[in-house]
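With these hints in hand, go ahead and build the complete structure from the sequences.
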Amino acid sequence: MALSRLSSRSTTLLQPLATAAFPTSLRRRHISTDTTPITVETSLPFTTHLVEPPSRAVETSSEELLSFFRDMALMRRMEIAADSLYKAKLIRGFCHLYDGQEAVAIGMEAAITRRDAIITSYRDHCTFLGRGGGLFEAFSELMGRTTGCSKGKGGSMHFYKKDASFYGGHGIVGAQAPLGCGLAFAQKYSKEEAVTFTLYGDGAANQGQLFEALNIAALWDLPAVLVCENNHYGMGTAEWRSAKSPAYFKRGDYVPGLKVDGMDALAVKQACKFAKEYALKNGPIILEMDTYRYHGHSMSDPGSTYRTRDEISGVRQVRDPIDRVRKLIISHDIATEKELKDMEKEVRKDVDAAVAQAKESPIPKPSELFTNIYVKGFGSESFGADRKELRKCRHTKIISSLSTEQTQA
Amino acid sequence: MASLLGRFCRKLVVPGSAHGARMVSTTSSCGSETVKSLNLYSAINQALHIALETDPRSYVFGEDVGFGGVFRCTTGLAERFGKNRVFNTPLCEQGIVGFGIGLAAMGNRAVVEIQFADYIYPAFDQIVNEAAKFRYRSGNQFNCGGLTIRAPYGAVGHGGHYHSQSPEAFFCHVPGIKVVIPRSPREAKGLLLSSIRDPNPVVFFEPKWLYRQAVEEVPEHDYMIPLSEAEVIREGNDITLVGWGAQLTVMEQACLDAEKEGISCELIDLKTLLPWDKETVEASVKKTGRLLISHEAPVTGGFGAEISATILERCFLKLEAPVSRVCGLDTPFPLVFEPFYMPTKNKILDAIKSTVNY
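Listed in order, the protein sequences are those of chains Z and U.
Under the UniProt record's numbering, the first residue of the first sequence is numbered 1, with each subsequent residue one higher.
Under the UniProt record's numbering, the first residue of the second sequence is numbered 1, with each subsequent residue one higher.
FYI, nobody ran anything at the bench for these hints, they're computed from the structure.
Just to be clear, a hint being listed does not mean it is correct.
From the structure, some residues in chain U lie toward chain Z, with a derived Cβ separation under 10 Å [said to hold, decoys possible]:
| # | residue |
| --- | --- |
| 1 | Ser37 |
| 2 | Gly95 |
| 3 | Pro298 |
Beta carbons: idealized from backbone N, C-alpha and C, even for Gly.
So this is what it looks like as structure tokens:
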């Protein structure tokens, strides 16, 4: 049945890591913040559609590799902490975790600036962190506290960060695609020399609005980079069961595309850098990130009914993005294994501290229910308990009966 | 066709935790029919099994229905009827519904599942512009009456903005389709079979909160509950309450509380919102002189407004008090604020009392 087909498919997911280039010097160094360029080859070549690929040789540095390691470890830890918080019912609603896909967020950030916009789906915690979002804001938002990035009103699926051009955080699958093209249009119109990275998944790739967005972007030469984070499963449906052509990088037809090993942060960085340059000159381009999520679709999905545990652990062993960078760091003598482990311990402490702080944060006041529906000055109205008086709630006034009803109900 | 059990059964409501009481088993004096204690998703599952069994040209499709669906409503269907009749679709609501309309136009029964009512909007154009008007604009040459769209709707305690919406009002504004909402497992099975077999396209909203919470004795045989017939599920003299779906459980609790204060409430389950049974509600309001409508959807433009306006036209001189609507607030369905947003038992009770004391 389906699983047997899965096991033969899963071998394609377990691409072996290319052996890292050996350092020219064997001199032992402490944790280096050296910015002298190191060149690393991407694990896999880029596959292309209607465009010439960028070079497989990626320029990086000790500083960058270490920051990759630390940031990805932070993201990984955050997602695992979110998992425990959800199980402890401190996070309610829905929670879609990104662990396994960290390289996409990190590599992208390394290639762009905070003036380039990013818009993504509901699997947005790590993207938020990549855009400079803080752990405390993230956990607060997850737990619905006022100190959250969306004031506790958005939750897991709606993280935003305006000053970093992070446009969130969208619950409806694929809805962010045309939005991203609109952002790109605004950037082009204002001659900002910036692009928009519109992220969507393999499930969303079958939405009609994606093709509408592609056509619009291509027609008007918008600086839009459409990034398909292909983790091979749309919730529980494998890509080959929902798409006639799972070659998502080709589905733009007249829009060129690049397929990238999404578990290799350096490949992602190279591709995003290339894509930004391309989009600024020529218009839209698609990047398909071949990535993988360890968790299920959301916290209510164990993630093992539609794929084998062997597949999941196999990807973890062979393609894990953090391990890849760890091996690079060690083989280039940038840091020792122990130093990296210490870094991970520190990260864990940071996450725990942020969680503890977020737990102490207040939940939003009841009056916040009515704020920001419209601009200030408009509100909601409802009858008071006596039904003779119509109470209008402007943005600051609280309907007193509401709070008593809450405690009684 | 009508449910025989409806008239003879007493329904015991046991208040459960927070919103949504557990509806305990009904006692039936029709001993000849075998009944089984089922929850809502099992009752719907049974209805789908029967629908596919009795009409070889019926199909069930939607996102993830093959393995049983995210709420298990389609369990066992693919195994029993085959992948050519029960199949998964890609993630594209507009495409799915349009495809269903086409299938129905060829004389088939297409039972489409939209995974959450919150996701139905990409398909809104297909439903409003294609499905609802097909028969009309083709002069009855073509129709898509075999189309039934099922979607879980309503609050579930932690659903947030996109897993809790009640969009029924949007669809009640479209002549050409029917909108049906069951309140319990037994009702759901009968109403779903009627909807599937009705020669008009039907949008069938299932209260997701009740998928597991509501348990009832459901007859095992093939039965249908008529559409466009409201049911008085509790008789009273002082005030008429009208609702549908999961909200009825909350209203029933308010009625019990009101009774302790000497107010006798009549509770009506509308069941079909479009076209709705005006006569039953009218008769009740002419008796009681007061009307209260309650629904989870926001109050402005909610279906309660239509009921209120119609009853006002028909019963103006008989009304002792303004029509009261206890509904969701005019905000997007909130995340952490859900308890404030919801039309709770106490809000309804307050409204009952002030309407009676007007």
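Hint numbers contradicted by this structure: Hint check: 1 fails alone, others pass.
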